[in-house]
Each structure stands twice: as structure tokens, then as C-alpha cells.
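Visitor: Sequence:
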Amino acid sequence: LQLLAKAGKETGLPVVTEVLTPGDVELVAAYADILQIGARNMQNYSLLEAAGRTRKAVLLKRGFAATIDEWLLAAEYVLTQGNSQVILCERGIRTYEPATRNTLDLNAVALVHRLSHLPVIADPSHGTGRRDLVHPLALASVAAGADGLMLEVHPHPEHALSDGSQSLTCEEFAVVASQLACMAITLGRPFYTSTKGNPSAP
1 LQLLAKAGKE TGLPVVTEVL TPGDVELVAA YADILQIGAR NMQNYSLLEA
51 AGRTRKAVLL KRGFAATIDE WLLAAEYVLT QGNSQVILCE RGIRTYEPAT
101 RNTLDLNAVA LVHRLSHLPV IADPSHGTGR RDLVHPLALA SVAAGADGLM
151 LEVHPHPEHA LSDGSQSLTC EEFAVVASQL ACMAITLGRP FYTSTKGNPS
201 AP
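According to our numbering, the sequence shown is numbered sequentially starting from 1.
These aren't lab readings, by the way, just hints derived from the structure by calculation. What you are looking at is a predicted structure, and each value in this text was computed from that prediction instead of being measured. One thing to keep in mind: the hints can contain errors.
To be verified - Label-pair restraints from in silico Cβ distances:
#, residue 1, residue 2, range
1, Lys9, Glu97, 38 to 48 Å
2, Glu26, Glu97, 17 to 27 Å
3, Gly23, Val175, 19 to 29 Å
4, Gln179, Thr103, 16 to 26 Å
5, Leu20, Ala65, 12 to 22 Å
6, Leu20, Val175, 33 to 43 Å
7, Asp163, Lys9, 23 to 33 Å
8, Val16, Gln179, 17 to 27 Å
9, Ser116, Val16, 19 to 29 Å
Even for Gly, the Cβ is constructed at its ideal location relative to N, Cα and C.
The task is simple: from the sequences and hints, build the whole structure.
Guide: In C-alpha cells form, the structure reads like this:
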């Protein structure tokens with residue numbers, strides 16, 4: 001956690017990291033700007049409430065077997081603690097299709113915008129589990145209305161300790177980011193590449 005906080009300070013980037021148990025929330029919140037609740041903990045209600053009490057932003061990933069209603073109701077556990085800083089993340093659901101790790105539910109991205117005021121981001125990396133599909137699904141996510149993306153990037157994915165098969169190289173990420181910026185302009189939406197608060201040009 002100390003190393004993460006140091007990296008965030010040196011780069012000017014906010015720190016997002018996962019918290020697993022209610023007992024860890026206070027410690028993680030001391031170092032992280034955003035607390036991530038993973039898919040397997042989406043319905044860990046004591047964890048959601050503890051995260052809500054910190055007043056730190058909470059990134060809530062959808063469980064891979066959760067309905068949209070269950071996902072939104074899970075977010076309510078954070079909101080009822082007086083914490084309005086909730087970000088929803090669609091990271092793929094389990095279906096009968098074995099060709100991909102999960103099935104990225106772009107219906108959910110579009111629908112949740114009509115059901116909730118909360119921002120929604122998409123995770124094409126976990127949503128597909130395949131590097132070759134991350135690029136097109138990232139573009140599709142933004143077209144569907146995603147407010148942001150979570151993309152895994154590694155300089156040498158073949159040597160990554162985890163999730164190398166779904167990680168973009170730095171060069172691939174640069175191409176994706178450039179195309180996303182162009183798409184954002186076409187859709188009349190801002191595209192942020194820094195924490196300065198100003199939209200970036202492609």
C-alpha cells in the first residue's frame with residue numbers, strides 16, 4: 001500500500017486498489033483514493049457498508065452471476081452510508097459461451113444509465129479475457145455509453161504474473177487510446193487522459 005501511494009504521488013495518478021474484508025477498509029482507505037469492491041464481493045454487504053463509511057470513492061464491480069437489479073441494490077449499501085461517490089463497473093458476466101472468459105454485457109452499460117444516476121465504466125479485459133478482443137470491445141463500450149474504461153496493460157504480457165492473456169502491450173494501448181479519443185470527439189463527449197481535469201485531444 002505504501003508503494004502504491006508513493007507511485008500515485010510521483011505520477012499524479014489516483015490510486016485504486018481492491019479491499020477484501022471489512023477489517024481492511026480503514027487501512028486501505030488511508031492509502032487509496034478509490035476503494036475497489038471486486039466481483040466476488042459485490043454482495044458482501046458488511047464490506048459495502050464499511051467502504052461507504054470511509055467517504056472514499058467506491059468502484060463496485062458487477063458480480064459475474066448478478067442481475068442488473070442486484071448490482072444496483074448492492075450499490076445502495078454504499079449510498080445509504082452517506083457516500084454518493086460510487087462508480088459501477090461492468091466486467092463481464094457468466095454465460096453459456098466458452099469462447100471468451102466472460103461475456104461483456106454492453107446492454108447493462110446502456111441500461112444502467114437509464115436506471116441510475118451513477119457513472120458506469122466497462123472492463124473489456126476481464127469481460128473477454130482475450131487481448132485481441134479488448135480493443136474492439138473498448139470502442140464498443142464507449143459507443144454504448146461507458147463513462148470510462150478499465151484496461152489491463154503490461155510491457156510484456158507474456159511474462160505477466162497474472163492476466164497476461166488479456167493485457168494490452170503499451171503500444172497497443174496507445175493505439176486504443178488514440179481511437180477512443182477520436183470516438184469521444186465524434187460522440188461529443190470528453191476524453192480524459194490525465195488528472196488535470198481537462199479533456200485531451202487525440
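Visitor: Does each hint fit the structure? Answer for all of them.
Guide: Status of the hints after comparison with the structure:
no. : hint                          : in the structure
1   : Lys9 <-> Glu97: 38 to 48 Å    : holds, 42 Å
2   : Glu26 <-> Glu97: 17 to 27 Å   : violated, 40 Å
3   : Gly23 <-> Val175: 19 to 29 Å  : violated, 42 Å
4   : Gln179 <-> Thr103: 16 to 26 Å : holds, 23 Å
5   : Leu20 <-> Ala65: 12 to 22 Å   : holds, 19 Å
6   : Leu20 <-> Val175: 33 to 43 Å  : holds, 34 Å
7   : Asp163 <-> Lys9: 23 to 33 Å   : holds, 26 Å
8   : Val16 <-> Gln179: 17 to 27 Å  : holds, 24 Å
9   : Ser116 <-> Val16: 19 to 29 Å  : holds, 21 Å
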